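*Asks:* What follows is each chain in one-letter form.
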Amino acid sequence: MDAILEWLAVGMIGAAVGAVELISRYKDEPDNALNSWPAVFYLLINALASAGALGLIRVFNWDFGVSEAGAAGWTQVILAGFGAMAILRASLFTVKVGAESVPIGPSRFLEALLIAVDQGVDRKRAQGRSAVVSKVMRDISFEKAYLALPSYCLALMQNLPQAEQEQFARKINLIRNAKMSPRIKSLLLGLALMNVVGEGVLKAAVEHLGEDLKPASPNPSPARRSDARPPHA
Amino acid sequence: MENKPKSDDFGTFLESVQRSEKRETPSNIPMRIMTALSRFGTMDLLKLMAVVDIPPTELLEGFISLQAAGLVRIDESVKRGVIELTVEGVQMAQTIITSEEEQA
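Heads up: the protein sequence lines correspond to chains L and X, in order.
Take the first sequence: its letter number 194 is residue 194 in my numbering, and every next letter is one higher.
Take the second sequence: its letter number 78 is residue 78 in my numbering, and every next letter is one higher.
Chain X with its partners taken away, still in its complex shape (with noise of 0.2 angstroms):
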């Protein structure tokens, strides 16, 4: 039996990214999110929205995206579920802030 060759080394993450680029917007909230949990800590979405002041739906668009890209993930031990940063999520947000630190 004949062997597909492989087709896809990287097309897959180039695709993706090209598909965003033409439907996204920038946004920093991602990333605010991640600082505030890499500063505060563990925390569920209500204590979240009132840390980083962010409007309910453009919070929880946020989340999804850093859900999606492995960085934060929900803590379902606990009753209403805490947000948490994943390990890479943590070594990210350490280095935007020492980076801001650095830089201010």
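Next comes chain L alone, as it looks inside the complex (with noise of 0.2 angstroms):
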């Protein structure tokens, strides 16, 4: 029973390694990133790696010291999935092919299929992004919207860096001074803002401050006209 639990572990630590690489990539949507066939195949290879490392150090019957039977095997078991994860990541050597210096190891592979991880999670996640913000920011003024939107959501989320905050103002002056239209603006506005604190919020943040960011109507509705107060009462 202990071998298997053994086995177990040693996969779990390689698979969690994986994933918290993955949801530190896609920090707004963590669900979303470990939910693909590239992010799945990622994560096996993690386990595969840490199995594969605890194969090896019973093969040649390392102990590291530990004399007492269980405690060696969780030795192994810690080591096996710490350090595969650690020799996966590495480079031996760096290449130069033309211009280009290529990094030469268990990373490359690594490195290659991130890659595929990122353009599934993208690709997936590019077409619900883009009709939930044409939805969420369909009728939300850019101007009345800019400073607002992202203050409450910030307000909201209460624990983003500073340096963060900083990035993100810096996205929207680039869009404030673009030369675009309004709808565009908010548009970007919305994917920048959901990026940072994830489609939930923004939702939540758009339904909440409501009226106030949509543009001034000229023509105010007979049920608006009814509720303002009388020029002389």
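Please keep in mind that the hints were generated in silico from the structure rather than gathered at the bench.
Keep in mind that the hints are not guaranteed to be accurate.
[As the list claims (entries may be wrong)] Covered stretches of chain X, as calculated for chain L (at least 3 residues, CB under 8 angstroms):
1) 24-32
2) 69-76
3) 85-92
On a predicted model such as this, the values are computed, not experimentally measured, just so you know.
Cβ atoms here follow ideal geometry from the backbone N, Cα and C, with glycine treated the same way.
Make the complex out of the two chains shown on their own, each in a separate frame, by following the hints.
*Replies:* Okay, here's the thing in structure tokens:
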């Protein structure tokens, strides 16, 4: 039973390291990052590498100086799990191919896999994002929203580091200063915000701020006119 | 020991935007750089200059502001260094291109 647990644990260590790596690349939508075939394959490769390392350690009977059987087994599991992850991310040397420096080693293989994961996740997210941003930001005025909406979202998030706030502000400035239609600016604002706070927070913020973010209507609706205070009341 | 109250949820963002409102002038150059990179792929600064047809100083300013915003990066594994869009840069450039095509 212990042996099965050890093999499961070493696989879990590898998969967990891979999962943390993927989640850190897609902080806004971690579930989406893991929910694609390339991502599953990436986790599997990490788990198999850890299991392979444990297999090698067992074949050569390395006990790392631990004599007690149970403790030696778990020492092997931990060292195999994390050791394999370190080796998998190492590059042994760099070769020059034309003007380019190419790192040679297991990391090259992992990088290629990560690119596949990125493309898979990006494709999946891009389709959904485009539709969501168009819908959420449809009636939003960029001029009214570019300060209020991000401030509200960031306040909801509470913990966005100052460096990331600075970088986000720079994005907003670029959009604000660009000569493009207000609609495209609103879409870009929504996209930039969604990358920082995620879809749920953006939707909630737009819902809460509601009318305050919409362009001033030249002809207020009858319902709104009836709400207005009479001029000589 | 008393914990200091959290003083800044969005203050840094607001200050940064308002600071730049006072000193920056409208410019479309960063967006032109992004759409060029999206259409033609990664390229070095010289090639980019030829593609977007922008004076070097303005191109450099545009590039620096894009880099600071995390929308482009330099791949330094190549000898002269090529400029490429980040994942977010790709998303933004594609949104601009698609929206402009829809409007045309």
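*Asks:* For each hint, tell me whether it holds in the structure or not.
*Replies:* Hint by hint, here is what the structure shows:
1. 24-32: n = 7 at 8 angstroms, threshold three: holds.
2. 69-76: holds (count 3)
3. 85-92: holds (count 5)
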